[in-house]
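Chain by chain, the residues run as shown.
Number of protein chains: 2
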Amino acid sequence: MNFRSQIDTRWREAQSLLCVGLDPDPNRLPMHLRQQPEAVLRFCVEIVDATADLACAFKPQIAYFHAARAEDQLEALIAHIHTRHPGVPVILDAKRGDIGATAEQYAREAFERYRADALTVNPYMGFDSIAPYLAYPDRGLIVLCRTSNPGGSDLQNLELANGRRLYEHVAELVAGPWNLHGQNALVVGATFPEELARVRQIVGDLPLLVPGIGAQGGDIDATLRAGATCAGGLMINSSRAILYASDGEDFAEAARRVASATRTAIQLSRQACA
Amino acid sequence: MNFRSQIDTRWREAQSLLCVGLDPDPNRLPMHLRQQPEAVLRFCVEIVDATADLACAFKPQIAYFHAARAEDQLEALIAHIHTRHPGVPVILDAKRGDIGATAEQYAREAFERYRADALTVNPYMGFDSIAPYLAYPDRGLIVLCRTSNPGGSDLQNLELANGRRLYEHVAELVAGPWNLHGQNALVVGATFPEELARVRQIVGDLPLLVPGIGAQGGDIDATLRAGATCAGGLMINSSRAILYASDGEDFAEAARRVASATRTAIQLSRQACA
Numbered sequence: 001m002n003f004r005s006q007i008d009t010r011w012r013e014a015q016s017l018l019c020v021g022l023d024p025d026p027n028r029l030p031m032h033l034r035q036q037p038e039a040v041l042r043f044c045v046e047i048v049d050a051t052a053d054l055a056c057a058f059k060p061q062i063a064y065f066h067a068a069r070a071e072d073q074l075e076a077l078i079a080h081i082h083t084r085h086p087g088v089p090v091i092l093d094a095k096r097g098d099i100g101a102t103a104e105q106y107a108r109e110a111f112e113r114y115r116a117d118a119l120t121v122n123p124y125m126g127f128d129s130i131a132p133y134l135a136y137p138d139r140g141l142i143v144l145c146r147t148s149n150p151g152g153s154d155l156q157n158l159e160l161a162n163g164r165r166l167y168e169h170v171a172e173l174v175a176g177p178w179n180l181h182g183q184n185a186l187v188v189g190a191t192f193p194e195e196l197a198r199v200r201q202i203v204g205d206l207p208l209l210v211p212g213i214g215a216q217g218g219d220i221d222a223t224l225r226a227g228a229t230c231a232g233g234l235m236i237n238s239s240r241a242i243l244y245a246s247d248g249e250d251f252a253e254a255a256r257r258v259a260s261a262t263r264t265a266i267q268l269s270r271q272a273c274a
Numbered sequence: 001m002n003f004r005s006q007i008d009t010r011w012r013e014a015q016s017l018l019c020v021g022l023d024p025d026p027n028r029l030p031m032h033l034r035q036q037p038e039a040v041l042r043f044c045v046e047i048v049d050a051t052a053d054l055a056c057a058f059k060p061q062i063a064y065f066h067a068a069r070a071e072d073q074l075e076a077l078i079a080h081i082h083t084r085h086p087g088v089p090v091i092l093d094a095k096r097g098d099i100g101a102t103a104e105q106y107a108r109e110a111f112e113r114y115r116a117d118a119l120t121v122n123p124y125m126g127f128d129s130i131a132p133y134l135a136y137p138d139r140g141l142i143v144l145c146r147t148s149n150p151g152g153s154d155l156q157n158l159e160l161a162n163g164r165r166l167y168e169h170v171a172e173l174v175a176g177p178w179n180l181h182g183q184n185a186l187v188v189g190a191t192f193p194e195e196l197a198r199v200r201q202i203v204g205d206l207p208l209l210v211p212g213i214g215a216q217g218g219d220i221d222a223t224l225r226a227g228a229t230c231a232g233g234l235m236i237n238s239s240r241a242i243l244y245a246s247d248g249e250d251f252a253e254a255a256r257r258v259a260s261a262t263r264t265a266i267q268l269s270r271q272a273c274a
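Chains as they are written, first to last, in the numbering used here: chain A, 1 to 274; chain B, 1 to 274.
Hints are computed from structural coordinates only; laboratory data are not their basis. All of these numbers come straight from a predicted model, not from anything done at the bench. Please note that the accuracy of each hint is not assured.
[Stated by the list, open to error] Stretch-level coverage of chain A by chain B, calculated; a stretch enters the list once three of its residues show a Cβ under 8 Å from a Cβ in chain B:
hint, region
1, 116 to 126
2, 152 to 159
3, 168 to 177
A virtual CB, placed ideally from N, CA and C, is assigned to each residue, including glycine.
Here chain A stands alone, though its shape is the one from the complex:
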């Protein structure tokens, strides 16, 4: 099953738009795990097992694994998700941005070594930085478009000579000529709902990965009004609020409570669809 079908299925069957982000910060792991071998893997596996039925996807952030020399634990984590929670897609958040032979190596890493279902990528180098991943026609490519950090406006919100904004141009490319296999998606932050609505207008029913709920202050109601579709349309990411709900031995149950409350809050905010 390709990435798009996986997400559509999760939206429908799990009734969830919640993407659980896996950002294992070594300084915030539960105290009883910190000194143990493979602490990162143990932590993430317990989080995954406690939240899988509530999630439309999991999104491990590769920077944490790279910094901790934990690439083997990331491989084991994704293998665990595929085995124990089949059908829940894994989005590898690596924001790769390179071309040609180098991008081919990044594609091998993401899709063969880690067996991710989708990868986040950066559009700055243009279509050449997308093309090598299209050799894996069933995998998702989630392209940075409009991010919710203050500096996001330094480039993304620049007005072009044709009157459009740079992020609108990216949205058009990713949903149009770059979407050769129908597996593309976009990263669009939650803190500017009017821009999220503009992206939705441009891209039809393309899935949007939305960081910035919770810790980053985005508003669920406004996000859903701006970006949801009848089928779902959004993968609303929450990482820290779920992962670090408790630093005690009850961390997995605490994570489940927060994930469940977030998923429910999202469902209650969704508009009825005709």
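Since the structure of chain A is already known, use the hints to place chain B on it.
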């Protein structure tokens, strides 16, 4: 010694603008190494030892190491360069592009785990994707600006409402308000010399990392006229032409011959400086 001083010193003392790129493609390694353990490390160490006196810098491309599960070999390679060839800076080519806590992890990875002297980064997420690296004030940040691939124009060459091109805007930011420690540099391709000249005009004597010589077809003469300064100004990268000059047991000598010829060709093309 900080990155900028290292490069200035290499330009002067080694009389070289040649950056040797380390892109160890498993399918192109010398035949006698392919089945050996740590083949990637052995290959790169021999290349490094054969070319260090001819190089202003080394640039390992991390994608090859990630795809080959060879992160430990990359650590060992960079440690080898620091020990055996002190003063030759290592540019980790990872084109990282993320913000906040995630970028802090990428900085830990590049500067603590791998002990790189400089890192390539992507500007699409704005200053927030630069700021976390500034916690390491002696390390270089080499920001993507104008790349030489055909798709580079999809975003970088867009005309802005103020008449400037997007890559010119990036050059201004990186050389100006983002250059807090004077350690910034830019990636600018060799295939559009008039744009390289335009970037040089904007950024003063900022170092420019120039891919696209050799395999990618850039012209050395035009590149130097457009971008060199009296001190040097350019880190002209060559990877495949050097690495794969021979796939026999003489690969390191062959690499040295090509590196030496490239360095000499660059020196002969440099204009006399008043």
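Going down the list of hints, with the structure as the test:
1. 116 to 126: holds (count 5)
2. 152 to 159: holds (count 7)
3. 168 to 177: Our answer is that it holds, as 3 residues pass the Cβ test (under 8 Å) against chain B, meeting three.
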